[in-house]
Amino acid sequence: MPRYTSSFPVRVVFLFFALLSGYALLTGCAAQPMPEATATAVPLTTSTQPATATTVAVSPSANVATAVPTFAPPATATPVPTITPSPTPALGFYPPAGREFATLAEFWEGRAEWLLEIPDTGLPIGESDTVYRGEYELWSYLHASDQSAGVVDQCGDPVAFPGCTTRWISLDAGQTFTLTEPVCLFACTSCPCEHLRDQIDQQQYPRVFFTPEEAYLVYEFGAYNYLRTSPDGLAWSDKTHIDGTWIWTYPYGGCAPDELSGL
29 MPRYTSSFPV
39 RVVFLFFALL
49 SGYALLTGCA
59 AQPMPEATAT
69 AVPLTTSTQP
79 ATATTVAVSP
89 SANVATAVPT
99 FAPPATATPV
109 PTITPSPTPA
119 LGFYPPAGRE
129 FATLAEFWEG
139 RAEWLLEIPD
149 TGLPIGESDT
159 VYRGEYELWS
169 YLHASDQSAG
179 VVDQCGDPVA
189 FPGCTTRWIS
199 LDAGQTFTLT
209 EPVCLFACTS
219 CPCEHLRDQI
229 DQQQYPRVFF
239 TPEEAYLVYE
249 FGAYNYLRTS
259 PDGLAWSDKT
269 HIDGTWIWTY
279 PYGGCAPDEL
289 SGL
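In my numbering, the protein residues as written are 29 to 291.
Hints listed in this document are in silico derivations from the structure and should not be mistaken for laboratory results.
Label pairs and their in silico Cβ distance ranges:
1. P124 x D271: 47 to 55 Å
2. T257 x R139: 37 to 45 Å
3. C183 x L144: 34 to 42 Å
4. C283 x L262: 35 to 43 Å
5. G138 x S218: 52 to 60 Å
6. C183 x T239: 26 to 34 Å
7. L262 x D148: 22 to 30 Å
8. E222 x D148: 29 to 37 Å
9. L255 x S218: 18 to 26 Å
10. E209 x Y164: 18 to 26 Å
11. Q203 x E141: 18 to 26 Å
12. E287 x L132: 21 to 29 Å
We put the beta carbon where it would ideally sit given N, CA and C, even for glycine.
With the sequences and hints as input, model every part of the structure.
Here it is, written out as structure tokens:
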């Protein structure tokens, strides 16, 4: 009779080890599971100090006036006004309407009288000499001083009375005269100016005459007459004594018979 007892346990053991080996194989080849991310709790910081109110100081703004914006209108072309020239009045002296200037004969006959139309033209009466210089321009030569007109000599020093010769100008036909340059016309030999050498403080009663080429001027200094010449009436030559002129009174020098008057 065959014996089966010994083969059964062998098969069972073999099957057991075969199953065990397969399980080990499956176990070794299986993918490792990925770890899942978990949120880490962050602890909240809790202040242990009690809450306090904070006061913020607000500084008031400076009291500055806000500029009001200016409305700028759009630029527009402005018409330029037409200037109408005023008629230039004729300068000079004219008789009143409906009348004529009188003649000397009428004056001598008592049928006319002198009328002073402009009391003050800026020149003293009788001490200057006035010459016509074209159009409405007049030049008047007059002796003046620091005292009378703030005049200085060409060295810059004030001139004593009665003064040196100066030039006054009128541009309105003699109605007004102005001393545009309060400086003596005649230059001094050297500075400072000197009384006898330069006659700086006594060049009185100038008399002027213009020719087309030259101007002549005569004045009085210490009862002597002196002549100066000029190409333009502005720059003048040195003085030249006119023979026969000096102290005019009889005791000093005498007079020729035809020069005597009232003696």
